[in-house]
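Colleague: Sequence order for the protein chains is A and B. For the first sequence, the numbering used here gives the first residue as 3, with consecutive numbering after it. For the second sequence, the numbering used here gives the first residue as 1242, with consecutive numbering after it.
Note that these hints are calculated values from the structure, not bench results. No experiment lies behind these values; they were computed from the predicted model shown. Hints are not guaranteed to be accurate.
Here chain B is said to cover these stretches of chain A; the calculated rule only asks that three of the stretch's residues, wherever they fall, bring their Cβ under 8 Å from a Cβ of chain B [what the hints assert, rightly or not]:
#: 1; region: 11-19
#: 2; region: 46-56
#: 3; region: 104-114
For lysine to aspartate or glutamate, the following EDC-like pairs were computed, each having C-alpha atoms within a straight-line distance of at most 20 Å [stated by the list, open to error]:
#: 4; chain 1: A; residue 1: 47; chain 2: B; residue 2: 1329
#: 5; chain 1: B; residue 1: 1280; chain 2: B; residue 2: 1331
#: 6; chain 1: A; residue 1: 129; chain 2: B; residue 2: 1345
#: 7; chain 1: A; residue 1: 124; chain 2: B; residue 2: 1345
#: 8; chain 1: B; residue 1: 1280; chain 2: B; residue 2: 1329
#: 9; chain 1: B; residue 1: 1280; chain 2: B; residue 2: 1315
#: 10; chain 1: A; residue 1: 47; chain 2: A; residue 2: 59
#: 11; chain 1: B; residue 1: 1280; chain 2: B; residue 2: 1345
#: 12; chain 1: B; residue 1: 1280; chain 2: A; residue 2: 34
#: 13; chain 1: A; residue 1: 129; chain 2: B; residue 2: 1339
#: 14; chain 1: A; residue 1: 129; chain 2: B; residue 2: 1353
#: 15; chain 1: A; residue 1: 124; chain 2: B; residue 2: 1336
#: 16; chain 1: B; residue 1: 1280; chain 2: B; residue 2: 1247
#: 17; chain 1: A; residue 1: 129; chain 2: B; residue 2: 1302
#: 18; chain 1: A; residue 1: 124; chain 2: B; residue 2: 1318
#: 19; chain 1: A; residue 1: 129; chain 2: B; residue 2: 1324
#: 20; chain 1: A; residue 1: 47; chain 2: A; residue 2: 67
#: 21; chain 1: A; residue 1: 47; chain 2: A; residue 2: 71
#: 22; chain 1: A; residue 1: 47; chain 2: A; residue 2: 34
#: 23; chain 1: A; residue 1: 124; chain 2: B; residue 2: 1258
#: 24; chain 1: B; residue 1: 1280; chain 2: A; residue 2: 53
#: 25; chain 1: A; residue 1: 124; chain 2: A; residue 2: 10
No residue lacks a Cβ here, since even glycine has one placed at the ideal position from N, Cα and C.
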Amino acid sequence: MRLFSAFEISSSALSAERVRLDTIATNLANAESTRTAAGGPYHRKVVLFREVLAGSEPQGTVVTDVVPDNTPGPRIYEPAHPDAGPDGYVQMPNVQPTTEMVDMISATRAYEANVAALAAAKRMAQKALEIGA
Amino acid sequence: MDILSDSTGQALARSLDVAALRQRVIAHNIANIDTPGFKRSTVHFEDNLAEALNADLSVDERETRIGELNPRVERVESSLRIDGNNVDIDLEAAELSENSLRYEALTRLVAERGRMMRSAINEGKR
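Excised from the complex, chain B in its bound form (with noise of 0.2 Å):
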């Protein structure tokens, strides 16, 4: 087993990746909070993360599935304004937050993976 790659090594940087994503995502709604017929996107992945790190596979089998998972980018057909635009400023704005709380949570592991492994290979001793 790759110590480096394993499933939870691979989960937190595709989560990254989504939380990147989904930033580039929320700040195009929040560009075009005045286009006329604009409708807003969002990102999906967490559920289908949470399923793969919950399924009853081997270590291979899961590493293979949460390496194949992709984030699923989806436009909101709804309908807010006379213009035909659906972006909602408060709604986006809470995501904005969610997910830059998010990108820095998983930063934050991503930097006690490192931390531990060091303190591994050093025996212990700084």
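Chain A extracted, bound-state conformation (with noise of 0.2 Å):
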């Protein structure tokens, strides 16, 4: 029945937004890491959502990748510590913890709308049940 996939274009974006929080998530976490794995400091993660199309069927969404943003964060004059450079400059992470908070407020509030549309995709399929009785 098609209704139900209603249900399946609605829990994508769920899943999706989910991944959008666990990535604001990890900036915020590493908004003072100033040594990576790969050297050099944590650079801010970004997720890229793109529409789901089978030919003309809507199908929700999916993010499709999760992009570092190489845009250089501040330099602090820190010459004790241990990741400074020559000149004593610390690279910071590109975390502002401003843009990543009302990230998350946008992504919470679309984690709820789409619970909403969920709802309703329910609550349609249920009443239809009700027809014969």
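Need the complex rebuilt from these two chains, each delivered in its own frame; the hints are there to steer you.
Modeller: Laid out in structure tokens, this is it:
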């Protein structure tokens, strides 16, 4: 029954927003990470959303990629820091807590909206089942 | 005249299908609220249905006309945000509510028709 594809559309969005929220949490957790396994400071990660279509049939959304944002972060003068360069400056991650918090609010609201869409689809399916009763 | 698939029965059945389609389209719009460049879609059907129901046709012509009606999904090419996405969450939420209610009203009408026929078959007894 095609109404169940409405559940899949909404749940694809719930998964995508959850990935986005995880990415935001990772960014916030690494706001002070001046060294990563690859060397260099942490760079904040950004999720890429793409629409999913099967021909012309809507199929929701998907996160295709989690890419680093390579804009350089601030440099702090701290010669005693283990990761300070020869000029005494430490390259900090480019994580702005306010940006991440705003993204988090947006992701949460989008998540709630998709939960509402899922609830509406479920209610409609239940009403349809009551026709014969 | 087939009492189960006369023009009213068909109109109800098609309307239910379209309401289900509209729910998927709205869910798709809401799912892509953060997708850059995404354009929302909307479903057109009820105007054509009203036209078919009000037209001056014979019973058979009306049944055929309703049977041929198809919903039209239109992609709206407006611009709302810098990233090209034009999904307005408040509009989608309102459409979602309205569509759910319409679906429930239609299922109730279909159930009522069934009850009426059952009552007629049972000659007015339960």
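Colleague: Against this structure, judge whether each hint is valid.
Modeller: Now for the hints, and whether the structure bears them out:
1. 11-19: With 6 residues in contact (Cβ-Cβ under 8 Å with chain B), the coverage given for the region 11-19 of chain A holds.
2. 46-56: Result for this restraint: holds, n = 3.
3. 104-114: This one holds; 4 residues, not fewer than the three required, reach chain B with a Cβ under 8 Å.
4. A:47 x B:1329: Violated, because 26 Å separates the two Cα atoms, which is more than 20 Å.
5. B:1280 x B:1331: holds (15 Å)
6. A:129 x B:1345: Given pair residue 129 of chain A, residue 1345 of chain B holds - Cα atoms ~6 Å apart, limit 20 Å.
7. A:124 x B:1345: holds (12 Å)
8. B:1280 x B:1329: OK: residue 1280 of chain B and residue 1329 of chain B at ~10 Å, within 20 Å.
9. B:1280 x B:1315: Distance of about 10 Å is within 20 Å: holds.
10. A:47 x A:59: Violated, at about 31 Å.
11. B:1280 x B:1345: Judged against 20 Å, a Cα distance of about 28 Å means the pair is violated.
12. B:1280 x A:34: This hinted pair is violated, its Cα atoms lying about 38 Å apart.
13. A:129 x B:1339: holds (15 Å)
14. A:129 x B:1353: Distance ~13 Å between residue 129 of chain A and residue 1353 of chain B Cα, so the pair holds.
15. A:124 x B:1336: Holds. Residue 124 of chain A to residue 1336 of chain B sits at ~16 Å (cutoff 20 Å).
16. B:1280 x B:1247: Violated, at about 38 Å.
17. A:129 x B:1302: Violated. Residue 129 of chain A to residue 1302 of chain B sits at ~32 Å, over the 20 Å cutoff.
18. A:124 x B:1318: violated (30 Å)
19. A:129 x B:1324: Violated: residue 129 of chain A and residue 1324 of chain B sit about 38 Å apart, past 20 Å.
20. A:47 x A:67: holds (10 Å)
21. A:47 x A:71: holds (6 Å)
22. A:47 x A:34: With a Cα-Cα distance of about 14 Å, the restraint between residue 47 of chain A and residue 34 of chain A holds, given a limit of 20 Å.
23. A:124 x B:1258: Holds, at about 15 Å.
24. B:1280 x A:53: holds (10 Å)
25. A:124 x A:10: holds (12 Å)
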